[in-house]
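Visitor: Sequence:
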Amino acid sequence: MPTRTAHLNVTGMSCANCSATIEDALDGLDGVVSANANYATDEGSVEYDPAEVSLGEIYAAIESAGYGAVSESVTVAITDMSCANCAETNAEALESTPGVIEATVNYATDEAQVQYNPADASLGDLYDAIESAGYSPVREGSGSGGEGDGEGSGDGAGASGTGDAGQDARDAAREEEIRRQLRLTLFGAVLSLPLLAFMTDHLLFGGEVFPETVFGVRIGLVQFLLATPVQVVLGRPFYRNSYKALVTNGRANMDVLIALGSTTAYVYSVAALSGAIAGSLYFDTAAFILVFITLGNYLEARSKGRAGEALRKLLEMEADRATLVEEDGTEREVPVDEVEVGDRMKVRPGEKVPTDGVVVDGQSAVDESMVTGESVPVEKGEGDEVVGATVNENGVLVVEATKVGADTALQQIVRTVKEAQSRQPDIQNLADRISAYFVPAVIANALLWGTVWFLFPEALAGFVNALPLWDLVAGGPAVAGGAVSVSEFAVVVFASAVLIACPCALGLATPAATMVGTTIGAGHGILFKGGDVLERAKDVDTVVFDKTGTLTEGEMELTDVVAFDRDGNVIPDDDPAPDGGTAQRREGDDGLIAPEAGSGPDRDPETEVLRLAAAAERGSEHPLARAIVDGARERGLEIPEPDGFENVPGHGVRATVGSDGPDGGSEVLVGNRKLLRDNGIDPSPAAEEMERLESEGKTAMLVARVPAGANEGRLVGIVADADTVKPSAADAVAALKDRGIDVMLITGDNERTARAVAERVGIDPANVRAEVLPEDKSAAVESIQADGRQAMMVGDGVNDAPALAVAYVGTAIGSGTDVAIEAADVTLMRDDPLDVAKAIRVSDATLQKIKQNLVWALGYNTLMIPLASLGLLQPALAAGAMALSSVSVLTNSLLFRRYDPDRDYRLLGRLR
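Following UniProt numbering, the numbering of the sequence shown begins with 1 at its first residue and continues without gaps.
Please note that the accuracy of each hint is not assured.
Result set (SDA-like, lysine to any residue): computed pairs, CA atoms no more than 25 Å apart in a straight line [unchecked claim]: (1) K538 x K244; (2) K538 x E95; (3) K674 x K538; (4) K851 x L884; (5) K737 x P727; (6) K403 x F456; (7) K403 x Y437; (8) K538 x S695; (9) K674 x D567; (10) K674 x E634; (11) K674 x Y808; (12) K851 x T559; (13) K737 x G713; (14) K244 x R180; (15) K538 x D796; (16) K851 x G530; (17) K346 x G329; (18) K538 x T559; (19) K403 x E318; (20) K851 x D902; (21) K403 x D328; (22) K674 x P727; (23) K538 x G788; (24) K851 x R739; (25) K538 x D567; (26) K737 x E689; (27) K244 x E95; (28) K674 x A780; (29) K346 x R302; (30) K403 x E393; (31) K674 x N647; (32) K674 x G636; (33) K737 x T559; (34) K538 x R903; (35) K346 x V398; (36) K851 x Y808.
By construction, these hints were calculated from the structure, which means they are not laboratory data.
All values reported here derive from a predicted model rather than from experimental measurement.
Please model the complete structure; the sequences and the hints are all you need to start from.
Guide: Structural data, given as structure tokens:
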């Protein structure tokens, strides 16, 4: 196979060394002939052998090196697919197109999800690849996802853009397909109904009711005239698709089976009518085969449309127009597509929020149920984020747009769900493997049994004649009786055995249920990244919660300040100053920081500790640090700016405070015991106070000071923050335990605080892992899984990203707007731990539905193929049964839309 050259737009390069790093990463891949990366132009090129390395592996190598390559993603609707083999054919055609990174085709949705390199491929190339495979893409030249739309850019690994080949166009194509199948069904039914009389005569009375001629016209000729238009009009799509499948793609699909079965009956009947052979006429059978299959296609197309209805309704909830507020205060109404980031929009009561944004003025309650599944409106005020398409309940809000178009939360939800539907569960591999060999095996089986019946009719008839209802189901007396010729019965068996098999049902079993399951999840604020994730979640036996922001609110508040004298004794907070002031400076107790201008020499020791801690923490963005700084400001303290701030991950901070003062400033340490010990300071005098605070579930931090020029420092106090446990945390733990799932807590906080929180929510203290550094959380999760556990890690999706990535299932609790958390497999739109149990219930229910579908599809074939092979089914009945099997699988999946993951827990009163 000749080599290909990929031209890449590379992101994240900052120097010439970056170019060399990328080139080294690519040169290390088998199949890469040469690789170049140009830092000046942010471009690269790779010559590679596609037989040895894929473009997806090249992109992965660039990402693993810490950089990114621009890509685009697009959804393309495909018509004319009749089974899972068709989806596989389209996927192979797309992935063989230069520039395509990955392609997945979903037969249940009739859509392809394609990621491609815009430097080497265009949307037109994707359309051409689908057409070359013999199928019809829904082309959309204008609108989202058209040529040139969705250009990707960005820094870091995996930068990409997104596109959409027109949801309206796909919906229109689906509706037109439904109408087309209905027209064909009605046309075939009108011509075939008169043939029903002949079929009844043949089945029940052995062809003795109708005479051979009526008014001088042969009955057989009437049947021929009625059946031939049906064969031509209804059969044409099957003949066309069979030709493409066999000649263009070199594989047989469902259309081949239908074309073989109906043509066999029709050609045999023509030969019998012309006198070329002796036998009965099966024009009615040939016609009803096509009518039943076309009716099945119509019902299937309708069911597919209904299965995706919920997702389309979600998109329809978007606002059409927005009221912009200009800088001079004037207002004008514009289409929502014209809103740009930074625009201010007025949202009146009852109106939808046009795009994602932040409230800059006003107060109101907003109904966010369509995004998060939360039925209770949420109060919104200045500074709060709002989500596009949610409904403003009462007050007037002025919202500044922060995300528009494809970047809004609603669009991200839809995109995530669609991508999830394209990534099938592993259980689908079984169906795919069966389907890949199914059609050839069916044809071989039909040929075998047709030949066996032709060669050994009497031996087989002697066995089958003993079965009840032989005359009815077989379509006439036994072969051995001589009423049916050997060749005729062999043809009947062949046609029936070909038609009864249905890989369509197998192909639909998993994607149809997955489509409904992911949509149910999205409707309850749960986003699964893929069908494979949906499958894994049900097998989780251990849930590992992060503490801050997951089981707790993540809003830390300053609760305690404790001061120590030089001897390590606690200074009581009610010790009065001798002059009647608020406090005194104890003898031998050096000043903590340089006095402020205008302040007296006497200083409350606790205030001094707080001022010192706040000054050191002022340079930190950690929630604990912000609580200390906010607490100091609420008490009216002025906080000096620190110098030489240093964050000590997992232990605390170090900063220089008061360097411009008369004593030259001090080094201040705020953190845990290890931080002090590592700096030669004994934390033991604070042991009793630390234990007391930590046993109350508070996070206590030691404060120490090393004066300028001093060789050693000393402990001066403790500051403590507390976080509120979420109201639903205990219910979430209880719900998981009810399922037999082990619940654990992992946190960077100290042991006593972690155990106090665990006790409040119902987690066994033995399942608590405390004082775990952020970079060590992933190792902790791996160690939990080392003994065979299948763990779900639940965190905030940022600090916990490494742990989320290594977990069997990584689950990030989102904020309702930030839904694209790459490290997580599952994103929970609400900050509610109860949704963890809900996600597992949705996963379990979806897999149960998939198994039901597979049992139906496999059981149907297991039962029906032997019946047809033994000559116990008329071909027309076989065709009807085959069409019914696909419709039954889709109907079973559609019934799943009624599933409510909260129902049982509402009955038990577990939900708020």
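Visitor: May I ask which of the numbered hints given earlier this structure violates, with the numbers listed in increasing order?
Guide: 1, 2, 3, 6, 7, 8, 10, 11, 12, 13, 18, 22, 25, 26, 29, 32 and 33
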